[in-house]
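Novice: Here the UniProt record's numbering is used: the first residue of the sequence shown is 1, the next is one more, and so on.
Please note that a few of the clues may not be correct.
As the list claims (entries may be wrong) - Under the rule of at most 20 angstroms between Cα atoms (straight-line distance), these lysine to aspartate or glutamate pairs were calculated in the DMTMM-like manner:
hint : residue 1 : residue 2
1    : Lys74     : Asp47
2    : Lys74     : Asp105
3    : Lys74     : Asp121
What the hints assert, rightly or not - Label-pair restraints from in silico Cβ distances:
hint : residue 1 : residue 2 : range
4    : Thr50     : Gln136    : 46 to 52 angstroms
5    : Ser22     : Gly53     : 18 to 24 angstroms
6    : Thr153    : Glu41     : 19 to 25 angstroms
7    : Gly79     : Arg109    : 50 to 56 angstroms
FYI, nobody ran anything at the bench for these hints, they're computed from the structure. Note that the Cβ used here is the ideal one computed from N, Cα and C, for glycine as well.
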Amino acid sequence: MSDTISTIRSDFITLMGQMVESHGLSPISGRIMGLLIFDGEARSFSDLATELGVSRGSISANARLLVARGSIMKENRPGDRQDYFRISDQSFDVMLQTLMQRMLDMSGRVRELSDRLPADDAEGDGPRRRLGGLSQFYAAMALGMRQAQDHLTGDE
Numbered sequence: 001m002s003d004t005i006s007t008i009r010s011d012f013i014t015l016m017g018q019m020v021e022s023h024g025l026s027p028i029s030g031r032i033m034g035l036l037i038f039d040g041e042a043r044s045f046s047d048l049a050t051e052l053g054v055s056r057g058s059i060s061a062n063a064r065l066l067v068a069r070g071s072i073m074k075e076n077r078p079g080d081r082q083d084y085f086r087i088s089d090q091s092f093d094v095m096l097q098t099l100m101q102r103m104l105d106m107s108g109r110v111r112e113l114s115d116r117l118p119a120d121d122a123e124g125d126g127p128r129r130r131l132g133g134l135s136q137f138y139a140a141m142a143l144g145m146r147q148a149q150d151h152l153t154g155d156e
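Input sequences plus hints: build the corresponding full structure.
Specialist: Shown next, in the form of structure tokens:
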């Protein structure tokens, strides 16, 4: 791997760790996904631990979470007692589904708060209108993600 590709690979793995952390998961989970997406091949626990510079226990805990979420898949190889992991074919669909659900949840929660507010002033300029607009924003984002998901899966 050339220095440029190696640097980009490292930057991507770091970026994935940061992005996933911003959504409430461990940065190690994101780094595992980043490595598996970039390399495109199954990797063992040991390989992941060595490559990412973390303990096998951290890899184990984070890999279990990612498998449960459908982001990565576990593989076994005949004659090899190690578990191997690769990016799931549905990993991007899972990410979109998770983000879409967050947007819908936020839309609903903001709408509930907006509905509890008294009517805005005569000009209609007040917190109820602004919260209603934010709720609509989140709902529109969820709709856009649904359309993106349909586009990616060919269901248009």
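Novice: Each hint needs a verdict: does it hold in this structure or not?
Specialist: Quick rundown of the hints versus the structure:
1. The straight-line distance between the Cα atoms of lysine 74 and aspartate 47 is roughly 14 angstroms, inside the 20 angstroms bound, and the hint therefore holds.
2. The hinted pair formed by lysine 74 and aspartate 105 fails the criterion: a straight-line CA distance of about 30 angstroms is larger than 20 angstroms.
3. For a cut-off of 20 angstroms, the pair hint linking lysine 74 to aspartate 121 is broken: about 58 angstroms separates their Cα positions.
4. Hint check: threonine 50 to glutamine 136, Cβ distance near 48 angstroms, so the stated range 46 to 52 angstroms holds.
5. Between serine 22 and glycine 53, the C-beta spacing of about 21 angstroms keeps the proposed range 18 to 24 angstroms intact.
6. A hinted range of 19 to 25 angstroms for the beta carbons of threonine 153 and glutamate 41 is consistent with their spacing of about 24 angstroms.
7. Checked against the given bound of 50 to 56 angstroms, the beta carbons of glycine 79 and arginine 109, roughly 52 angstroms apart, stay inside it.
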